[in-house]
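Asks: Spelled out, the chains give:
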Amino acid sequence: MRFWIDFWTVTFLVGVGVFALLAVVVTIGGIGDIRSLFKSISEQHESETGSGQAD
Amino acid sequence: MDLNALNFSTNFSTLDWWIVAAYMVGTLVIGILVTRYVANMADYVVAGRALKPYLAVATMIGTELGLVTVMYSAQKGFTGGFAAFHIAVVAAVVTFFVGLTGFIVVPLREMGVMTIPEFYERRFSRGVRVVGGFILAASGILNMGMFLKAGSLFVTGITGMTSDLHLKLVMTGLLVLVLVYTILGGMVSVVITDYVQFVVLSFGILVTCGFAISELGWDNIIDTVVKLKGEAGFNPFHSEGFGTPYVLWMVFLGLISCSVWQTAVMRACAAESTKVVRKQYMWSSIGFLIRFLIPYFWGISALVYAYHHPALRAFFFPGHEVDPNVTLLAMPVMLGRLLPVGVIGILTAGMLAAFMSTHDSYLLCWSSVITQDVIAPLAKERLSTRARIFLARLFIFLIGVFLLVWGLWYPLGQDLWDYMAITGAIYFVGAFAVLVGGIYWRRASTAGAYAALACGLLALFGLKPLQQLVHLDLGSEIVGLWSVGLAAAAMIAFSFLFPDRNANALRKTAAEESS
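Chains A and B are the protein sequences, given in the same order.
FYI, in the numbering used here the residues of the first sequence are 1 to 55.
FYI, in the numbering used here the residues of the second sequence are 1 to 515.
Read the hints as simulated data drawn from the structure, not as lab findings.
Here the structure is a predicted model, which means the values were calculated and not measured.
Fair warning: there could be bad hints in the mix.
[Stated by the list, open to error] Derived Cβ-Cβ restraints for the label pairs, each shown as a range:
| no. | chain 1 | residue 1 | chain 2 | residue 2 | range |
| --- | --- | --- | --- | --- | --- |
| 1 | A | L13 | B | R382 | 54 to 60 Å |
| 2 | B | G217 | A | V10 | 53 to 59 Å |
| 3 | B | L100 | A | M1 | 30 to 36 Å |
| 4 | B | R388 | A | M1 | 44 to 50 Å |
| 5 | A | V10 | B | F237 | 14 to 20 Å |
| 6 | B | R386 | A | E43 | 26 to 32 Å |
| 7 | A | L13 | B | Q468 | 39 to 45 Å |
| 8 | B | L100 | A | T27 | 38 to 44 Å |
| 9 | B | L378 | A | I28 | 39 to 45 Å |
| 10 | A | L13 | B | P411 | 38 to 44 Å |
| 11 | B | G319 | A | G32 | 55 to 61 Å |
Even glycine gets a Cβ: it sits at the ideal position worked out from N, Cα and C.
Model the full assembly from the supplied sequences, consistent with the hints where possible.
Replies: Quick look at the structure:
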C-alpha cells in the first residue's frame with residue numbers, strides 16, 4: 001500500500017504543478033492572442049468590403 | 001431526497017451572489033459585444049482557424065473542464081479514494097498513445113469527415129449513417145440527461161439551498177439560461193468567454209486545492225482514507241475496490257473518449273493537418289489528466305471533511321449503502337463550508353460558466369446530428385438550409401425539455417460517472433467496432449456494421465434501474481466489456497457471413513484510401 005500512497009502523492013503534485021504553470025502561461029499568452037484574433041477578423045472584413053464580397 | 005432535513009449552512013453570502021450575478025451578466029455582455037465583430041456565419045469558422053495557440057489551449061481546457069465532469073469525478077473520489085486517480089492517469093496515457101500513433105483519428109482527418117455518421121455513409125451505406133446517427137444522438141442525449149441535475153446539486157450544495165423546490169427552480173432557471181445562451185450563440189464570443197472561464201476556473205481550482213490541503217492536512221487526508229477504505233482506497237486493482245475489470249473498462253473508456261466521441265472527433269477533424277492532430281492529442285493528454293485528477297482530490301477531501309464533522313458524518317456515512325444523489329452532494333457542501341466569502345463566489349461563477357458552455361456545445365452537437373445525419377439523409381438531402389436551421393433549433397428546445405424531465409424523474413441508482421460511461425457506451429461500443437473495422441479491415445461489411453451498432457444497445461443493461469427491472473445485478477464494467485467483445489465479434493461474423501456486393505473487388509479501407 002505504501003507504494004500506491006507515494007505513487008498517487010507524486011502524481012498529484014506533478015499534475016497540479018504542471019497545471020499551475022500552464023495556467024500562468026496561457027493566461028498571459030491568451031491576452032495577446034485575443035488582440036490578434038480581433039485584428040485578424042477586422043482585416044478580413046476590410047478586405048471583403050474592399051472586394052465587394054458578401055456572405 | 002428531501003434536503004430540508006439536512007439543515008446545512010455554508011459560507012455563501014450575499015457578496016458571493018453578487019459575484020455570480022456579475023459574472024453571468026458580464027459573460028453575456030461580452031458575448032453580445034463580441035458578436036458585433038461577426039459579420040457573417042463564416043466568421044465562426046474563421047475564428048476557429050485564426051485561433052492562436054494560447055487561446056486554443058484555453059478553449060480546449062475550458063471545454064474539457066465542465067461542471068458535470070467535476071461533479072462526477074468528485075463523487076468518484078469520494079467513493080473510491082485515491083484509487084480513483086487511476087482513471088485520470090489511464091485517460092492521459094491513452095490520449096498520448098492516440099496522439100503518438102494516430103489511431104483512428106488520423107485516418108478520419110485524412111478522409112476529411114466532420115462527423116462519425118458521415119464516415120459511416122462514406123465507408124458503408126446511407127442506412128448505416130441513419131441508424132448510427134440515431135444511436136449516436138440518443139446515446140448523447142441520454143448521456144447529458146443528468147447534466148442539469150448534477151449542476152443543480154452543485155449550486156444547492158455550495159450555496160446551502162436545501163429545499164427540493166429550490167432544486168427544481170434552480171434546474172429550470174439554469175436550463176432557461178442555457179437555452180438563451182445557446183440561441184444568442186456567440187460565434188467568436190464562445191472563444192473569448194472560454195478564455196475568461198479558463199482564467200477564473202484556474203485560479204479557483206488552485207486556490208481550492210490549497211485551502212483543502214491547508215485545512216485538512218495532507219497526512220490527515222491519507223490517514224483517513226486508509227482508515228475508511230484500507231488498501232482498496234489506493235490500489236485500483238484491489239478486489240474490494242475497483243478491481244481489474246474496472247481498470248480495463250477505464251482503459252477502453254479513455255480510448256473512446258478521445259478517439260470516438262463525437263466532440264473529440266470534430267476537434268481532430270478541424271485541425272490544420274494530421275501533424276497538428278497528433279500534437280493536439282499529445283498536449284491534450286495533460287488536460288485529460290487534470291480534468292479528472294483535481295476533482296477526484298476534491299472528492300477525497302470531501303470524504304475526509306465529512307468524516308471529521310459529526311453533523312455531516314451521520315448524513316454521508318449512515319451505515320448502509322448511500323444514495324448516489326447524496327454522494328454527489330458531498331463535494332459542493334465541503335466547498336461551501338471550506339472556502340471563504342468571495343472565493344466561493346468566484347469558483348461558483350466559473351463553474352456555472354463551464355456548465356453553460358458544455359451545454360451549449362452538446363445541445364448544438366446532438367441537434368446537428370439529428371438534423372444532418374438522420375433527418376437529412378432520410379429526406380434524401382432535399383432539406384433546404386433554412387429548414388435545417390429551423391429543425392436544429394427545434395431539437396435544441398426539445399432536448400432541453402427532455403433534460404428537465406429526465407433530470408427530475410430518473411432515479412440515478414449508481415455513480416454518475418458509471419451512468420455516463422454506460423449511456424455513452426450505447427453509442428461507442430458499436431461505433432468502435434465499426435470505426436476500427438471500417439478503417440483497418442477491408443472485409444468489414446455493411447451487415448457487420450449494422451450488427452455491431454445493434455450490440456451497442458446491450459450496454460443499456462449497465463443501467464441500474466433496468467437491471468432491477470430484469471432482476472440482474474452486474475457491475476457496469478462487466479456489461480460494458482462484454483458489449484465491446486460482442487460488438488467486435490458481430491462485426492467480424494456478419495462481415496464474413498454477409499459481405500458487401502462486389503466482394504471480389506474488395507473496397508479499400510479508409511486507411512488505404514487516405515494514404
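Asks: Could you tell me whether the CB distance from R388(B) to M1(A) stays inside 44 to 50 Å?
Replies: 57 Å, violated
Asks: Between the beta carbons of L378(B) and I28(A), is the distance compatible with 39 to 45 Å?
Replies: Since the Cβ atoms of L378(B) and I28(A) sit about 50 Å apart, the hinted range of 39 to 45 Å is violated.
Asks: In this structure, is the beta-carbon distance linking L100(B) and M1(A) contained in 30 to 36 Å?
Replies: 32 Å, holds
Asks: Within 14 to 20 Å or not, the Cβ separation of V10(A) and F237(B)?
Replies: 19 Å, holds
Asks: Per the hint of 38 to 44 Å, is the separation of the Cβ atoms of L13(A) and P411(B) within bounds?
Replies: 39 Å, holds
Asks: Okay, R386(B) versus E43(A) on CB: inside 26 to 32 Å?
Replies: Because 31 Å falls inside the window, the suggested range holds.
Asks: May I ask you to test the hint 55 to 61 Å on the CB atoms belonging to G319(B) and G32(A)?
Replies: Since the Cβ atoms of G319(B) and G32(A) sit about 56 Å apart, the hinted range of 55 to 61 Å holds.
Asks: Kindly confirm whether 53 to 59 Å is satisfied by the beta carbon distance between G217(B) and V10(A).
Replies: Violated, since G217(B) and V10(A) (Cβ atoms, about 18 Å apart) do not stay within the stated range.
Asks: Given the range 54 to 60 Å, decide if the beta-carbon distance of L13(A) to R382(B) lies inside it.
Replies: 59 Å, holds
Asks: Per the hint of 39 to 45 Å, is the separation of the Cβ atoms of L13(A) and Q468(B) within bounds?
Replies: 42 Å Cβ-Cβ, so the 39 to 45 Å window holds.
Asks: Taking the beta carbons of L100(B) and T27(A), is their distance inside 38 to 44 Å?
Replies: 29 Å, violated
Violated hints, listed in ascending order, are 2, 4, 8 and 9; each of the other numbered hints is respected by the structure.
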